[in-house]
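Q: Go by the hints and put chain B onto chain A.
So the protein lines, in turn, are chains A and B.
Position 64, counted from 1, in the first sequence is what my numbering calls 64; the numbers after and before it change by one each time, with no gaps.
Position 645, counted from 1, in the second sequence is what my numbering calls 645; the numbers after and before it change by one each time, with no gaps.
Simulated from the structure, these hints should not be mistaken for laboratory data.
Treat each hint with caution, since some may be false.
[To be verified] Label-pair restraints from in silico Cβ distances:
no.: 1; chain 1: B; residue 1: D526; chain 2: A; residue 2: R147; range: 40 to 46 angstroms
no.: 2; chain 1: B; residue 1: S59; chain 2: A; residue 2: A257; range: 44 to 50 angstroms
no.: 3; chain 1: B; residue 1: D672; chain 2: A; residue 2: Q263; range: 58 to 64 angstroms
no.: 4; chain 1: A; residue 1: L85; chain 2: B; residue 2: G608; range: 49 to 55 angstroms
no.: 5; chain 1: B; residue 1: R344; chain 2: A; residue 2: S33; range: 17 to 23 angstroms
no.: 6; chain 1: A; residue 1: S332; chain 2: B; residue 2: D526; range: 50 to 56 angstroms
no.: 7; chain 1: A; residue 1: Y265; chain 2: B; residue 2: I533; range: 28 to 34 angstroms
no.: 8; chain 1: B; residue 1: R627; chain 2: A; residue 2: S146; range: 51 to 57 angstroms
no.: 9; chain 1: B; residue 1: D610; chain 2: A; residue 2: R101; range: 57 to 63 angstroms
no.: 10; chain 1: A; residue 1: R101; chain 2: B; residue 2: R627; range: 39 to 45 angstroms
no.: 11; chain 1: A; residue 1: Q263; chain 2: B; residue 2: G677; range: 56 to 62 angstroms
[To be verified] To be clear about the criterion: a stretch of chain B counts as covered by chain A if any three or more of its residues have a C-beta under 8 angstroms from a C-beta of chain A, and this derived list gives those stretches:
no.: 12; region: 487-494
no.: 13; region: 510-520
Bear in mind the structure is a predicted one, so any value in this text is a computation, not a measurement.
All residues carry an ideal CB built from backbone N, CA and C; glycine is no exception.
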Amino acid sequence: MSKKLSQALDTSRPVAVIDVGSSAIRMVILEVSSDGRYKTLDRAQRPVRLGQDVFSDKVIQRQTISQAIQILAGFRELMNGWAILEPDVYTIATSAIREARNRDTFLDRVYMKTGLRIRVIEGVEENHLTFIAVQYAVESMQASFSRSNSLIIEVGGGSIELMVLKRGKMAATHSLKMGTIRIERQMVPRSGETSLPLEEYIREHFRVTMEGIQTETKLGTVRYFVMVGGDARIVAGHIGTKGGDTFWTLSRGDFLAFVQKIQAYTVDQIVKKLGVAYHEAEGLLPALMVHKVFLEETEAETIIIPNVSIREGVLLRYALGKDKKMNDQFISQVLSSARSLGKKFHFDEDHAELVSDLSMQIFDQLEVEHGMGKRERLFLQVAGLLHDIGYFVSASGHHKHGQYILMNSELFGLSRNDIKIVANLIRYHRNSKPNSTHLEFTTLARDERLMVLKLSGILRVADALDRSHTQHVKTIVLEIRDEDLVISTTCTGDLSMERYGIESKSELFEEVFGFRVVLEQKKFLGVQ
Amino acid sequence: MAAKTQASRFFNRELSWIAFNRRVLEEAKRPEKPLLERLKFLTIVSANFDEFYMVRMASLKRQVRAGNYTTCPSHMSPQSQLDACSRESKEIMSEQYRCLHEEILPGLAEQGLIYKDSYNQLSTDQKNYARTFFENQVFPLLTPVRVNKDAPSIPGANLRLQVAFLVVPASDSLLITEEEKGEHLAIVQVPQSLERICFLPDKEGQRTFILLESLLVQYGHTLFPGYEIKEHLVFRTTRDADFGVDETRDEDFVEAMEQVLTGREKSTAVRLNVGSTSTRLQELLQKSLSLDSTEVYDTPEPLELTSLMSLTFINGYDKLKFEGWSPMEPRGLPEDAPLWQTLRERDILLHHPFESFNPVIRMVEEAATDTAVLAIKMTLYRTSGNSPIVRALETAAHNGKQVTVLVELKARFDEQRNISWADRLEQAGVIVVYGIAQIKVHAKALLVIRQETTGICRYLHMATGNYNDKTAKLYTDMGLMTSREDLCYEAGLFFNAITGYSAIPSLNKLIMAPQGMKLRILELIDREAEKSIPENPGKIIAKFNSLADVDVIEALYRASSKGVEIELNIRGICMLVPGVKGQSENIRVTSIIDRYLEHTRAFYFKNGGDEELYLSSADWMPRNLERRVELLFPIEDPDLKERVKRSLTLCVDDRVQSYALESNGTYPRVKDSKGKGISSQRTRYELSRDTPTKRTPINQREFSVRRKPPLS
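Chain A extracted, bound-state conformation (with noise of 0.2 angstroms):
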């Protein structure tokens, strides 16, 4: 290499992300200048209908599979003539693979032929690197956004991404298996029914899904509504007003109009009218169907379109490693999402407040003996906030109904597994210890099923230190003596039940850690 590239690439080098999305495969080629800021030099997309071929069959069909090598086989030679260099090139998958049977295959068959690596994202991170992707596309609005409600809505040809923002935090996601691919080919009429309309079948589609979600947040008081997409980029190109580079803003009223001007058209009419591709055309309908429902479920009077796509996601989070400097916010997003959840299965918020404030101190003070990191922390401090939803359901075994609960539940910023390790917190919290027979313990990998017993085991005594549910220890200091932990604590008040508690729920600590756990109350704080 020259040495006038080089000194280049110390300012600024291109980046490639690829997103195997369900119906096409895009490429973005970005360069990124040192300041953390980036500029799209290209792009390529091209329609692969793969999420045809998994949302019917399950498995993708060779035939797809080699369209798809082809692709992404132009898309390396496109690439060559930026001279990327190999770690700067980002490839991801989302849902259609994500849930093809013969995912494995084609991951292994798409390496061979390109040298690509395709890393499968889950629907959480999707949602986690979309919302960081909006996030800097709209960062000259956060201040409206921490003022008010909003809705962030992405809808894919597999998936519809949904984030319920308060004042700017992560209220809840959802991420529905309902993409616009999905719901065309359940509208293809099965022999002697007729059609709905689209729109009719769409909101008929969402009615229980929508009921679910007005339960837990309410978006009636949605002000913002963030549409994400290349669909709703369409429409911006066309109606937007330009809010600066990164995105549009338009009003409710011209949006609806916009689409009831579209649904008249043919696909051959919107192609031609609107100047979009075929595929393109295919999937706008139905996807602005999905974002005119949901619209009308908010007051929303502006509606923001975002001109970045999961694509800049990835180049924020792994590319510029905007992840580390939002590690802060993104905590506090997932505990946000995590306390809604609380909410919604009416949690003792006290209690649970607590009980992940204790875990913490006893983390912290611990981590010589542990050697966790943050993301273990995150997990116990969700389980914390979590350990007790499965009183929802009844209090005799609501470990497992809690398991069970948040097994069936989304979290912001945490993928499927994640949820997994938490779920088996919240199981093990209490009662019998993990053994050989339990599935969900089991089918963790030996690091997690070691960070479950650690975790498990702080969150045991956390939870006994306040046993009676009345909050009177809060501030703990551990001091380790010979073989016992000594927990400190300044309360004055009587901690019968938590001295119980803590002799009936130590002894999974006592194994992991190999301490005795002992509680002394103190007028002052401190190790003598």
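A: What follows is chain B alone, placed relative to chain A:
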């Protein structure tokens, strides 16, 4: 009433084309023009007709066979079009030969350039020379083909001169066997590898020439020893070249294309030009080619005029030619400054051939050897033989650049040549895309991607004409060089689409056909109509080569009726009927025929005062707007806008080389009543010459920079 209105709404496309060729002939007939230039126009008339017959007449003929259904907006059936075209072209042809024989050839003879149409007119010296020349140079190249005289199959030989000989055994021949007795038919092709014009020894200051076919007729008997020539006939067939390649063959498209080329040699004949030496042979040929009598053209000598073009290139005789206009160094593009630096500072407009094409070649050549260049992307539709651009692209690939070239194999009559470069480029490691199924890529764009210290920077050239350094000296065209990010970015997307990396993108700045261009043109015209008010009428000036799109024409009629002043400067076909009250009274159509072929596609829209100017690779024809990949791009730099607008105004104001279309379809020459009117090509030349900063014409030779790449 309705029918009548309908009839005057559109001119027939073919007849409009013939009117264009008639204008070319008009230029040949102008006594004030230099003789060799007039001869050149005469030969162009013939060359134009050749293509017209191979493509348009062939297509009409097929339509007649397919049922003669009328689809033409002028409501003429294919048969009546065919009849009218053949009638008119015969008329033009006879006028063409009249001009040649009565004016040009006698005039040239006066100047010492003498054409002898028969061997008998030669002096003894000349005859001796001719004989030796024939024996040594011509004879070895001849291959007589014997054909069945009762049902002869005529060799393909599209557009080539051939001579048919009817021979019988000589009375004194002893070697002839029984079955060889009687008449035999042989056909000999006039060799293509030799100059058709054969100069003979002559006295000082005089040059005499005879044509190869005359020698062949004279010495033809030497080809058939033992036989006598009973009759002979010089003839030339024109065949259908208007058939497409099998578009389903993606895998072996090059091979499929080669088959088309072979097919063209053997396809249906559409025209037979014959001399007058043998009625019998003429009838025989006509029958065997299945032509009816209207398709046989009794042609005076010389039977074919296009190869007389080479006379216009012979040295000397300068006073019989136009004064030479050297291409100037384009404004604002200093040769000693790095091209990239200049382009970062400003956009450059190139107006060929008044301004040199060298900067375009320079852009590819500099990119090829520049270490900072990562990639070069380019379309090639027609380019010259041994093109410096093709060579530079090869060099670039050898230097490790990523070079992506779309070679349009389907560029009619350039297919063979394009296959050979494509092959060369591919061997050099260039990524070659052999066009797109079903449509031709006619857009002209060149994109260079550089890795600079500040990041990636791109440089773009887009033009109205081909990347052909030869035709850039003969055709008027415009090109834009720019480093504007929005244009470069969208040009990148355009390349991704045409090279198959991407589906067709939606673009904002660039307008692409077949997606969106027609729609945008209609919008631009309709917008002009909407904004037009009596106090501030709209205005459109459009210059291009053909107007045949009915929707666009209707939009222009609508705009005219809203008071928009419309100036169309169209070199060739125009189906719009101007000057009809209530339809097109505000539309004026002019056409320039001058020393350079007008080829620029430029558009001006007043837009209520916020003027917009565009250049394009596309004419306003359905084939350009709907079946080709084309580009329309804005000119945004205020100075350049002014220059394009000025050039457009000059064209519509031309009073010397201009013809104005009337509502009856004729094109009388625009009267220059005071004799002071401008010739737009001369003025455009003078403008480039007299630009204060640049006076020196640059060297006309191509230059190729040989130096080490610049160090950083």
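Q: None of the hints should be skipped; say for each whether it holds.
A: Taking the hints in turn, this is what the structure says about them:
no.	hint	result
1	B:D526 x A:R147: 40 to 46 angstroms	44 angstroms, holds
2	B:S59 x A:A257: 44 to 50 angstroms	47 angstroms, holds
3	B:D672 x A:Q263: 58 to 64 angstroms	59 angstroms, holds
4	A:L85 x B:G608: 49 to 55 angstroms	50 angstroms, holds
5	B:R344 x A:S33: 17 to 23 angstroms	18 angstroms, holds
6	A:S332 x B:D526: 50 to 56 angstroms	54 angstroms, holds
7	A:Y265 x B:I533: 28 to 34 angstroms	32 angstroms, holds
8	B:R627 x A:S146: 51 to 57 angstroms	54 angstroms, holds
9	B:D610 x A:R101: 57 to 63 angstroms	58 angstroms, holds
10	A:R101 x B:R627: 39 to 45 angstroms	43 angstroms, holds
11	A:Q263 x B:G677: 56 to 62 angstroms	58 angstroms, holds
12	487-494	holds (count 3)
13	510-520	holds (count 3)
Checked against the numbered hints above, the structure breaks none of them.
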